[in-house]
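Asks: Protein chains in written order, with my numbering: chain Y, 149 to 624; chain F, 19 to 497.
I should point out that these hints are in silico values taken from the structure, not numbers from a laboratory. A portion of the hints provided could be inaccurate.
Label pairs and their calculated CB-CB ranges [as the list claims (entries may be wrong)]: (1) PHE301(F) to ARG541(Y): 22 to 32 Å; (2) ALA534(Y) to PRO299(F): 43 to 53 Å; (3) VAL262(F) to SER486(Y): 21 to 31 Å.
Straight-line C-alpha distance at most 27 Å; calculated BS3-like pairs for lysine-lysine [said to hold, decoys possible]: (4) LYS100(F) to LYS474(Y); (5) LYS522(Y) to LYS100(F); (6) LYS150(F) to LYS474(Y); (7) LYS206(F) to LYS390(F); (8) LYS502(Y) to LYS100(F); (9) LYS462(F) to LYS402(F); (10) LYS240(Y) to LYS502(Y); (11) LYS478(F) to LYS402(F); (12) LYS522(Y) to LYS605(Y); (13) LYS445(F) to LYS462(F); (14) LYS445(F) to LYS390(F); (15) LYS523(Y) to LYS100(F); (16) LYS502(Y) to LYS522(Y).
Positions of the beta carbon are idealized from the N, C-alpha and C atoms, including for glycine.
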Amino acid sequence: MFELTALELSTAISSKQIGVEEALSAYFKSIETEDGKYNSFLSLSKEAALTKAREIQKRIDAGERISPLAGVPIAIKDNISTKDIETTCASKALSGYVPVYNATVVDKLEEAGMIVVGKLNMDEFAMGGSSETGYMGPVRNPWDSYRVAGGSSGGSAAAIAAGMVPLALGTDTGGSIRQPCSFCGTTGIKPTYGAVSRYGLIAYASSLDQIGPMGKNLEDCATLLSIISGPDEKDGTCIIEKPFEFEQSDSNSLDGMIIGIPKNYYEGGIDNSVKTSVLAAARKLEEAGARLEEFEMPLMEYMIPTYYVIACAEASSNLSRFDGLKYGHYTSDSDELSDFYRNSRSEGFGMEIKRRIMLGSFVLSSGYYDAYYKKALQARRLIKDAYDSLFQRYDMIISPVAPTTAYKIGENIDDPLKMYMGDIYTVSINLAGLPAVSLPCGFDENKLPIGFQLIGKAFSEPTLVKAGKTYQLINN
Amino acid sequence: MSNTTFETVIGLEIHAELSTRSKIFCGCSNSFGAMPNTNVCPICSGMPGALPMLNRTVLEYAIRAGLALNCEIADRTVFDRKNYFYPDLPKAYQISQLYSPICTNGFMEIETNDYIKTIGIREIHMEEDAGKLIHDIANDSTLMDFNRCGVPLLEIVTNPDFNSSDEVIAFLEILRETLLYLDICDCKMEEGSLRVDVNLSMHLHGSELGTRTEMKNLNSFKAISRAIEFESARQQKILMAGGVVTQETRRWNDNIGISVAMRSKENAQDYRYFPEPDLLPIFIDEHWLEEIKTSQPELAHEKRIRYIDSYAISPNDAAILTTHMNISILFEALSSQSGEPIESARLIIGEILRLLSQSGTQADDLSIDVSKLSTLIDYVLSGKINRNVYKEAIEAVFTSDVDPVSYIEDKGLMMLDDYSTCQEAAKVVIANNPDAASDYLSGKDKAFGFLVGQTMQLLKGKGNPELVRKALEEELLLH
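The task is simple: from the sequences and hints, build the whole structure.
Replies: Structure follows, in structure tokens:
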């Protein structure tokens with residue numbers, strides 16, 4: 149059963165080959181026996197899930213067609229609010245915090261009859277690319293448990309790769325869905341900014357964050373995206389007009405499609421195996437009818453600095469509310485208010501969080517705003533404009549997701565700059581608010597998965613999904 | 019330095035709580051005085067992951083205020099975050115406006131005893147209020163009430179154009195009246211729905227502006243006036259002695275009548291403002307702006323001019339009638355229904371305002387049946403009742419909402435127009451009061467009033483006053 153895709157499982161459920169509760173129990177068993185090795189779950193919601201499973205079974209038995217993924221178990225990254233289920237962002241600062249409300253996406257999953265099994269480990273507050281910084285310890289990569297699962301949605305990718313759950317929600321601020329997919333051999337979609345409601349997503353960088361689906365293949369992910377996307381009266385930045393609809397296409401032809409290859413992405417700083425696999429994937433798309441064209445990606449040296457200035461600035465403000473007064477961890481060592489704040493936050497946040505809060509506070513502070521934050525906004529605009537003009541020529545761009553495959557746990561943790569450089573291919577997509585799909589495309593010499601991404605213009609998810617599905621079909 | 023004259027320079031920062039039904043960024047009720055932490059939700063209490071959505075009525079009210087204060091209305095406006103830690107601010111940032119406020123560059127004319135002056139309005143911006151901390155001294159603890167979090171505020175910032183407390187008060191009176199007429203703020207300083215901070219500095223006439231202080235905790239116009247006098251004197255004393263004024267925030271203590279330093283500029287916080295990423299920039303639709311412009315209510319000074327010009331009301335009465343919007347509404351309704359603006363003004367100023375103050379009722383809480391008052395105007399002007407009955411009936415309508423027609427008929431208060439009845443009554447009164455009668459005849463006019471009163475009393479107040487006087491005069495001559 150763990151080999152089944154989410155859509156295959158839901159077909160098996162609706163055709164009564166397997167019961168909802170039976171499937172769910174099998175997944176829980178798998179989590180209980182397997183996850184000790186991977187540390188991908190932070191909490192489980194077994195009782196509520198079983199109750200929900202029985203309810204869904206009744207409705208299916210009564211002939212109700214709830215949704216294409218009804219009865220399918222799903223796990224959720226721990227920065228997405230789940231009513232009555234502890235939501236910690238893998239941070240001591242939020243330990244014990246149980247939301248009183250559901251994120252909009254969680255409500256949508258429940259309406260679709262999906263079963264929430266638990267919450268997934270991640271980098272603390274989604275800040276990182278290795279899922280090592282959470283206070284409950286690192287996530288381990290199912291392909292090699294001495295290696296990282298990628299991040300920050302590492303728990304989501306590992307849980308899928310290990311067969312503990314067929315689908316998961318991740319979030320992507322600078323690559324946090326795509327990179328762990330690449331490291332764990334799973335598939336994910338980073339939707340267009342404004343396609344999926346952020347209401348209930350505990351913000352890292354509000355203008356960059358998006359929730360997206362992660363799964364075994366693109367068809368599952370697209371189906372889940374059609375469920376969670378759409379406008380939300382609680383999120384004014386969610387500007388999409390209606391949920392995505394992904395048509396079943398009979399043809400596998402990509403005739404007439406022009407795919408851009410940013411040739412400077414393949415020069416220096418990239419593993420040879422990654423380069424070879426991604427270019428091989430590009431040729432598969434060419435075989436399916438697409439035309440490949442090389443171009444020079446502009447502004448590359450500005451992408452990482454622009455991203456870190458903007459993301460950290462927003463983070464410094466977003467994380468201010470964790471002051472110990474209302475929820476989560478608070479200090480027992482304080483004589484006055486300023487001590488209370490300082491000690492609660494110092495005890496609650498990990499190193500990487502502190503680094504980014506300090507960086508963000510600095511770039512927003514009086515006298516530095518114009519030199520850093522405002523400059524970064526201007527650079528962001530240039531990056532967005534550059535993509536706009538590229539997409540006048542290309543239907544999509546193919547690129548690596550990360551310059552390397554999964555590295556060893558602890559290998560980069562003390563070298564933040566090296567870690568930040570791992571985001572070189574992903575952050576500009578968030579800065580420009582664009583969609584991208586991340587797909588596995590082979591293995592390196594250590595049998596570690598490699599991924600590539602297809603990037604499109606805003607709200608071009610259907611085009612990206614068509615191309616990505618074609619790739620996965622002809623590659624099987 | 020003998021001819022040294024210090025000039026006071028004052029600018030104001032005014033916070034007005036908007037009287038929208040719901041809060042600025044969520045659906046919680048915006049009402050004052052609810053049980054602590056009952057008007058709260060994940061959004062206004064700053065729960066992780068919650069997002070703000072702008073209440074469009076707040077934007078409309080901000081534009082209305084801007085138009086009334088002759089401001090330019092931005093076609094694109096943006097919210098910013100103001101970051102600071104304090105327990106009454108659950109998100110640890112206030113959503114406000116710094117870089118692109120909704121209204122800029124306005125002005126308002128003020129009138130003091132002997133001159134007219136224009137005060138510049140630098141900007142008006144929208145923001146959310148913070149919560150309230152309640153210090154429980156008995157238990158040595160502080161409690162948080164988030165009900166006020168997210169209450170919509172307008173911050174109105176003037177230019178430093180004031181030179182005296184009189185000018186400040188004149189401005190605040192017009193501003194208060196304007197906000198009340200726009201019906202966007204109830205302006206109750208005691209409840210904190212209108213809060214004024216005073217920025218004040220002193221300089222020698224013609225020289226550069228001096229160092230300013232900011233004064234807070236001013237809870238009435240009187241306190242503002244006193245605080246300005248105190249601060250001017252304090253700064254002048256420092257400067258005269260060759261000292262330097264410290265830039266600081268001061269807290270006014272109205273009980274003692276002094277201000278005390280709260281924090282100096284060295285301790286000023288860096289608020290790290292930046293554009294609020296959770297709210298998209300707002301573009302003001304031209305047609306919508308046009309709709310707002312055409313539906314702006316008539317403001318008090320506009321009403322006064324109209325009352326004087328088209329109703330021939332005296333400037334003094336026009337001012338009284340427009341002090342409260344509710345009163346002007348009553349006046350306009352009564353004038354139009356009765357067709358008698360002068361008598362309507364007389365009724366309201368002479369009777370209704372007196373009854374309001376007697377009963378301790380606020381003008382805002384006044385509700386009275388206009389058609390009943392209109393009937394009484396018709397009755398008194400057509401001679402069906404006399405003025406005494408008129409007043410009595412108005413009071414009965416005011417206090418018990420009686421039907422004036424049946425009230426008058428049941429009590430038999432219709433004016434007594436039968437001359438012989440008046441004559442009979444006059445005879446009885448004269449016979450019973452021989453002293454007064456002879457006083458009158460010996461030239462003491464005062465006695466006549468007494469006799470009229472006695473006769474009216476005998477007629478149970480409903481005698482036609484003209485007939486009563488005529489009967490008395492005739493009978494006294496015969497006496």
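Asks: With a cut-off of 27 Å on the C-alpha distance, tell me whether LYS502(Y) and LYS100(F) pass.
Replies: holds (20 Å)
Asks: Are the Cα atoms of LYS523(Y) and LYS100(F) separated by 27 Å or less?
Replies: holds (20 Å)
Asks: 22 to 32 Å was suggested as the range; check whether the CB atoms of PHE301(F) and ARG541(Y) agree with it.
Replies: Given about 30 Å between the Cβ atoms, the range holds.
Asks: If you check the beta carbons of ALA534(Y) and PRO299(F), does the distance land in 43 to 53 Å?
Replies: violated (22 Å)
Asks: For the pair supplied as a hint, LYS462(F) and LYS402(F), confirm whether the alpha-carbon distance does not exceed 27 Å.
Replies: Between LYS462(F) and LYS402(F) the Cα gap is close to 32 Å, so the pair fails against 27 Å, i.e. violated.
Asks: Does LYS462(F) sit within 27 Å of LYS445(F), going by the straight-line distance between their CA atoms?
Replies: Judged against 27 Å, a Cα distance of about 19 Å means the pair holds.
Asks: Can the restraint linking LYS445(F) and LYS390(F) be considered satisfied, given a maximum Cα separation of 27 Å?
Replies: violated (37 Å)
Asks: Going straight from one Cα to the other, do LYS206(F) and LYS390(F) come out at no more than 27 Å?
Replies: Violated, at roughly 31 Å.
Asks: Keeping to a limit of 27 Å between CA atoms, is the pair of LYS100(F) and LYS474(Y) held or broken?
Replies: Holds, at about 20 Å.
Asks: For LYS502(Y) and LYS522(Y), compute the direct alpha-carbon distance and say whether it is at most 27 Å.
Replies: Holds. LYS502(Y) to LYS522(Y) sits at ~22 Å (cutoff 27 Å).
Asks: Are the Cα positions of LYS478(F) and LYS402(F) separated by 27 Å at most?
Replies: Roughly 15 Å between the alpha carbons, so the hint for LYS478(F) and LYS402(F) holds.
Asks: Tell me if the straight-line CA distance from LYS150(F) to LYS474(Y) falls inside 27 Å.
Replies: holds (15 Å)
Against the hints set out earlier in the document, violations occur for numbers 2, 7, 9, 14.
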